[in-house]
Every structure is written in structure tokens, then in C-alpha cells.
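In case you want the letters, here they are:
There are 2 protein chains.
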Amino acid sequence: MISQKMQEQVQNSSVIRAMFEEGKRLAGIHGAENVFDFSLGNPNVEPPEEVKKAILEIVNDENSMGIHGYMNNSGFEDVREVIAKSINQKFGTAFTQKNIIMTVGAAGGLNVIFKTLLNPMDEVITFAPFFGEYRSYVKNYGAELVVISPNTIDFQPNLTEFKEKITSKTKVVIINSPNNPTGVIYSEDTIIKLSEILREKQKEFGTDIYIVSDEPYRELAYDNAEVPYLSKYYANTIIGYSFSKSLSLPGERIGYLVISDQAADFENIISAANIANRILGFVNAPSLFQRVIAKCLDAKVNLEAYNRNRELFYNELLAYGYECIKPEGAFYMFVKSPIENDAEFCSLANKKNILIVPGSAFGCPGYVRIAYCVAYTTIEKALPGFKALIEELKK
Amino acid sequence: MISQKMQEQVQNSSVIRAMFEEGKRLAGIHGAENVFDFSLGNPNVEPPEEVKKAILEIVNDENSMGIHGYMNNSGFEDVREVIAKSINQKFGTAFTQKNIIMTVGAAGGLNVIFKTLLNPMDEVITFAPFFGEYRSYVKNYGAELVVISPNTIDFQPNLTEFKEKITSKTKVVIINSPNNPTGVIYSEDTIIKLSEILREKQKEFGTDIYIVSDEPYRELAYDNAEVPYLSKYYANTIIGYSFSKSLSLPGERIGYLVISDQAADFENIISAANIANRILGFVNAPSLFQRVIAKCLDAKVNLEAYNRNRELFYNELLAYGYECIKPEGAFYMFVKSPIENDAEFCSLANKKNILIVPGSAFGCPGYVRIAYCVAYTTIEKALPGFKALIEELKK
Numbered sequence: 001m002i003s004q005k006m007q008e009q010v011q012n013s014s015v016i017r018a019m020f021e022e023g024k025r026l027a028g029i030h031g032a033e034n035v036f037d038f039s040l041g042n043p044n045v046e047p048p049e050e051v052k053k054a055i056l057e058i059v060n061d062e063n064s065m066g067i068h069g070y071m072n073n074s075g076f077e078d079v080r081e082v083i084a085k086s087i088n089q090k091f092g093t094a095f096t097q098k099n100i101i102m103t104v105g106a107a108g109g110l111n112v113i114f115k116t117l118l119n120p121m122d123e124v125i126t127f128a129p130f131f132g133e134y135r136s137y138v139k140n141y142g143a144e145l146v147v148i149s150p151n152t153i154d155f156q157p158n159l160t161e162f163k164e165k166i167t168s169k170t171k172v173v174i175i176n177s178p179n180n181p182t183g184v185i186y187s188e189d190t191i192i193k194l195s196e197i198l199r200e201k202q203k204e205f206g207t208d209i210y211i212v213s214d215e216p217y218r219e220l221a222y223d224n225a226e227v228p229y230l231s232k233y234y235a236n237t238i239i240g241y242s243f244s245k246s247l248s249l250p251g252e253r254i255g256y257l258v259i260s261d262q263a264a265d266f267e268n269i270i271s272a273a274n275i276a277n278r279i280l281g282f283v284n285a286p287s288l289f290q291r292v293i294a295k296c297l298d299a300k301v302n303l304e305a306y307n308r309n310r311e312l313f314y315n316e317l318l319a320y321g322y323e324c325i326k327p328e329g330a331f332y333m334f335v336k337s338p339i340e341n342d343a344e345f346c347s348l349a350n351k352k353n354i355l356i357v358p359g360s361a362f363g364c365p366g367y368v369r370i371a372y373c374v375a376y377t378t379i380e381k382a383l384p385g386f387k388a389l390i391e392e393l394k395k
Numbered sequence: 001m002i003s004q005k006m007q008e009q010v011q012n013s014s015v016i017r018a019m020f021e022e023g024k025r026l027a028g029i030h031g032a033e034n035v036f037d038f039s040l041g042n043p044n045v046e047p048p049e050e051v052k053k054a055i056l057e058i059v060n061d062e063n064s065m066g067i068h069g070y071m072n073n074s075g076f077e078d079v080r081e082v083i084a085k086s087i088n089q090k091f092g093t094a095f096t097q098k099n100i101i102m103t104v105g106a107a108g109g110l111n112v113i114f115k116t117l118l119n120p121m122d123e124v125i126t127f128a129p130f131f132g133e134y135r136s137y138v139k140n141y142g143a144e145l146v147v148i149s150p151n152t153i154d155f156q157p158n159l160t161e162f163k164e165k166i167t168s169k170t171k172v173v174i175i176n177s178p179n180n181p182t183g184v185i186y187s188e189d190t191i192i193k194l195s196e197i198l199r200e201k202q203k204e205f206g207t208d209i210y211i212v213s214d215e216p217y218r219e220l221a222y223d224n225a226e227v228p229y230l231s232k233y234y235a236n237t238i239i240g241y242s243f244s245k246s247l248s249l250p251g252e253r254i255g256y257l258v259i260s261d262q263a264a265d266f267e268n269i270i271s272a273a274n275i276a277n278r279i280l281g282f283v284n285a286p287s288l289f290q291r292v293i294a295k296c297l298d299a300k301v302n303l304e305a306y307n308r309n310r311e312l313f314y315n316e317l318l319a320y321g322y323e324c325i326k327p328e329g330a331f332y333m334f335v336k337s338p339i340e341n342d343a344e345f346c347s348l349a350n351k352k353n354i355l356i357v358p359g360s361a362f363g364c365p366g367y368v369r370i371a372y373c374v375a376y377t378t379i380e381k382a383l384p385g386f387k388a389l390i391e392e393l394k395k
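Just so you know, the sequences run in chain order A and B. Just so it is clear: in the first sequence, position 257 is 257 by my numbering, and no numbers are missing. Just so it is clear: in the second sequence, position 362 is 362 by my numbering, and no numbers are missing.
Hints in this document: simulated from the structure, not taken from any laboratory. Incorrect hints may appear among the rest.
Stated by the list, open to error - Subject to a maximum C-alpha distance of 27 Å in a straight line, what follows is the list of computed DSSO-like cross-link-like pairs (lysine-lysine):
1) K139(A) with K169(B)
2) K52(B) with K52(A)
3) K24(B) with K98(A)
4) K52(B) with K295(B)
5) K98(B) with K24(A)
It should be emphasised that the depicted structure is a prediction, and the values quoted were computed from it without experimental measurement.
This is chain A alone, in the form it adopts within the complex (with noise of 0.2 Å):
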């Protein structure tokens, strides 16, 4: 008696509740120290103390009902003005509290833009390999997820089938840099390039496309990468930020929207973000933690931590024969699949206690996510079954 689309989502679930059960199976055999679990992206690294700081001050300082009490359902007016502060440093924008909506982590933000946005019918286009929820997310809408087809040398966007992909009915473009499921920073040159596209795509159509730019990892990017700041490169752009991954904070459900001045409709998109936030049910983001990020905007989790994972098992896999890009930022690898069909080798790959993700679940088949966000002694432990499983194979 579900509806119809949640059963189809039932349904489309049970493949992932399938691999969280087998991995429950192994540990229960093995123990779940001899299980190496690289499926999900849950930070393994601490938050700063910096957010442990700034609770107990809020908490025995402030004013109960200013801390736990409703405000605007955009947010905290003071904790956007000092996050729209804190972009304008870094990247010399110049917002302010008017372009920043507080939000239920990013995937709440992105919600609440698509639902801003999207009419029925409308596409969104995305990059493979891309984060699956992106097609629950466009589907809330009953919009259309269009998927760019990847572009398996450096797994930048592939512009030469976006730029046939985009159509009249186009309504938002998502980038998500660096990339899940990749570790991939679009460089500057393809932000170009991809912005210049669309505005030629938008007087070609007389329609406004929106970039709506999900960046969980943008403060992930080793060996000090740039990121580049979408909306100094195109006007109709609005960025989803979350501080899941940058304080390690993930169940706390914290991030933010900002949306350019320069967007077209600009003030009809506030207002309905404003209101698509209430009546999707968030109401607001969490009012405590608002306060609490304000205090944390320049803190940082420990990136070496994670730089350190990524260097060992990277050099390790490529020693061992596999094929991988380097990642350059977020906490995932993407790795090909030694065998055509990655769904078997991440079956071959459970029999050694490993759980990674098949590459078919970011669009990708052919290819297998491998999240390094565990402990260091974890990828120690479960390289020499890497290594077995591709010299079986090979053989």
C-alpha cells in the first residue's frame, strides 16, 4: 500500500541493503575487525575541538530560547552574515546574509533548489560518474536526470556530449567538484569552458540554466589544489555547501545555499527557497548547530589523516596492477575493475572481507568506489587481498 514510486525505491534499495547485510554476514563470521568495509563515506576523522568548544560556550552562555528557538526558515540572519563574510575572504565575492540559506546539510539544500526550480519535464544534467542520490533528488520533482557519459582519461566532464546534451528544457546543470565518486577537481580550464557553453546554450534557447554546485569536499583538496568558486565564472550560479565532511559532522545536518545576486530571478529564487525550506518539512536547519559553524568557519579536520590513506593504498594498487586516477580531493578512489563486470568483482572482493561500491551505482559500470575514509591500519590490513584478488585474475 506504498506508493508506487517509493516501491520502485524499495526495490532499487535492496541491492545496497543486500551488501550492508553481507557485510553484517562477514563480520559475524570473521569479526568485524577482519571485515574492510570502504563502501561508505563516513568520516573516520574527528571533528576539530573547536566544535566542542563552540557547544559549551553557545550552551553556557547564550539565551536557551535564542539557541534552540525558531528563526527566519532561511537562518540565523547573524550566522549568514559571518558565513557570507567568510566566502567573500576567501574568494572575493561579495555577498551577504541575502544570498546564504542555512540548510539541512547539502542534500537538504539541494532539495530545496531543485524544489525552487524544477517544473516537470524540466532536465537536469549531470556528469557521469556522479552521486546517485542526485536521481531520487531531480525525481522528487518529477524532473529528468540527463547523464553525460564519462570521460574515463581524467574523468573530467565530457563537454563535447554536454554541449549536444543541453536542450530547451535544461534547467540545471550539476557539478559536484571534487567529485564523488572520483576524488577529481574540475580544473579551472573545464569551468571555463563548461561556463561558456551555457551562456552560448542559453542565447541559443533564451532560457536561464542554472549550475547548482554540490560541494560536501570542497575543503578536502590535497597537496593544496584549487577549487575553483563557480559563481566568479558564471552568473546563474547557486551553490550547496554542507560541513558534514569539512568538520566531520555528517549527522548533524548542517550546510547552506548560496545563491548569486547575478542568477536570474534572483529574488523570486529567495523567496521560494525561503518557503520550499518550510513547507519540504526541514522548517530550518538545526538552530544550535547554526550558531555552532559560525564559531568554526576557519577550523579544520585533519586532512593529513586522510592524505595518508589516500597515498598508501593509491601506490599500493597501482604496484599491485590496478588502475586508478589520483585522487586530488574528497575520500573516495575510483578504481577499474579488473574484470568487465565491476558488480562481479566487488562480489569476488566480498570473499576477501572487502565491501566497495560497484561503479554502475555512479553511472560508471566498469569501475569500483573505493571510500578511504577508515582507519590507516584497516587499508594495511586489507591490501594483501587487493593484491590476491588481481593476481587471480590475472591469471
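Got chain A sorted already, so can you dock chain B onto it with the hints?
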């Protein structure tokens, strides 16, 4: 360029925004302390001391990854188990953690269950007067809200009309008791009769009809009034609870759904609601506050403060000649407008610096809602205005 649906929403919201702007304008002229805002259901009673204590204990003593990390999309198992036990103790039910899904407040919970259950064109019944947001929540999933006209004698649901309006397309009936905006508690007699009608109609149409009981005001019941626990009367019951009012934490967005084992298609509803929580962008209820409320299930806000407001306001308005049923719960009074046009009466009240909401917003024209979750002195200072208003209108 915003979506057509949101264009309507922005249009509709402009009335409320106009009211808000009028309040600010009045505060600018007369000083905020001389503007009497009874328009918002924002608790003015502080959270109980247990909340602060719980936050400090958790943040000081528990592992930060556990506090702020991801968990099952339905919430922490131990928190859900404690909630289930607490409900069982109070109401003699037999729930376990598997019946509980932690949600982003009741608004989040209602959206999760509507996403789970509703197909486009399904019908959802509610009884006027009703919380206006139900209209949006139902529309989010393409279903239709069917409103049963108010019974202005005692504001119990009009069961005769209810029986007539149930069709083969009726999927959900929303119950909200203690009620916003009337403060009325639906009696046990009402609940028994309503359940009986639903069972008959289910048999007649061969369908399942779910009661969704929206219960943010459950703990705000005066004179020890009983609020019947719906799942004891009707098998297909889903309860949406929130700590926004019971612990004065509206900004924190923390609540839960209770899905009865007895409900038809229970297993699928549980799976689908878990997924709906994720794909709507909530992902999970805020993690720290899941742990906080688990330690505060027996804590209570100072109900006597609201009760004192209720007694003063109700008795004085009656003495001036207003007609109103005495609220038994929540913190609203639903007063008959002395003139037919409730919007016009609200405008006249504005001229006395009094902000109240027309009953039309709740599907019940000819009445106004007064939220008395304000300082006692605000009521005292506003009373002369209410007196003058009715005297002028009676001339």
C-alpha cells in the same frame, strides 16, 4: 524562472509576509514592546533545565564521532528503543525500536510518511480548522487535501460529513489533537466513532486508510486532560511527534514517527519511510539532539506558565463579550470574529497594535487564531485593545 508550483506558493505566502512586515512597521512606530504579536506558535517558555544538562553531559563524556556521525537513516537504535519503552510505559503499547523513525521535527515526519504513502491523486482528509501547512505537505506528493467543514459548536470533527467524504481514493486522514488552531482535544468518544467509520469504509472499499496523527501539542494538555493515543483505537495508525513544543526546541528540528506493527503493509512502510527520510534530503534527524531528547523524555516545560496565560486571556475575552471555546491544550485560542469578515477584523486589531491570524488561513472563516505563547504582561497590555475593539464594533 522559478517553478510554477513555487510561483503559487510565493504568491500565497505574500499575505503572511505582509502581516509580518506590518508587525515590523508597527514596532518601528510604536516600539516593539507596544506591539502585541499573537500570530506565531513560537514557544516562549524555556526548555527544561534537563536539556542543557543532557547536552553538556553528552558533549563532555561521549565520543565525538558517535555524537555527530551518520547512523541508520531511521536514527540511533538505542534512542529509538528508549522512546519506544517510554511510549509503552505511558500508553500500554508494545513498541520496539523498529516502530520508531527519528525525523526532522513533525513537519519532517509528515513529509516522510506522505512521500511513503501517497500516489498522485490520492485523497487526504483533514478536519477544519486545520494547520494550513497540511495543504503544502499533501501537494508536495501530488495528492489532494479534502477538507471536512468545521463543527463550530465544540470543534470536535464533523463525523457526518467525514463519513460522506471518504471515497475509494482516501488514503490518509490527518488528526491533530490538541488542535492547532482551536486548542480542542478530540475526545475518546470522537476517536472511537471516527475509527469505527474508517473500519467500515475500509471494508466497503476494500482499501487501507491510514490515520496520520500529528501530535506536537500532546504534552500541552491542561487540567490533566487525557489525549487518547490513536494506535490503541485504530490499527492503521501512524503518529508524528515533535519535541518542538514539549521541550521548547522548535529550532532543533527533532521528532519521530511511530508506525504501528498492526498497520497494513507495515514492513514496506518501514523500509520506504527509511528511504524517504534519506531521499527527501533529511538523511537523518540531527544526531546530537537525538541523543539529547533520549535523556529528556520525562522532562517537562513549565505548563503552568501557558495555563496562566490561557486563564487570563480566555476569561477576559469572554467578559468583554467575545465568543470562544475554552482551549484544553496547545497554546492557541480560536475566537469568533465579532464581524463576519475575519481578515477585516484582523486589520482592525492591527490598528490597536494587535497581531492575530484570520481563521480563513485554517479553513474556518469568521474566526481568528490567537497564540498565547507570549509573556503574561504582553496579554495584560493587549487586553484593553481587545476590549475597545469589540466595544467599537458593537456600537
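For each hint, the structure was consulted:
For the hint linking K139(A) to K169(B), the alpha-carbon distance of about 24 Å falls within 27 Å, and the restraint holds. Taken as a hint, the K52(B) and K52(A) pair is honoured in the structure, with Cα atoms around 14 Å apart against an allowance of 27 Å. For a cut-off of 27 Å, the pair hint linking K24(B) to K98(A) stands: about 18 Å separates their Cα positions. With a C-alpha separation of about 11 Å, the suggested pairing of K52(B) with K295(B) holds against the 27 Å cut-off.
Our distance criterion of 27 Å between C-alpha atoms is met by K98(B) and K24(A), whose separation comes to about 18 Å.
When held up to the earlier numbered hints, the structure conflicts with none and fits them all.
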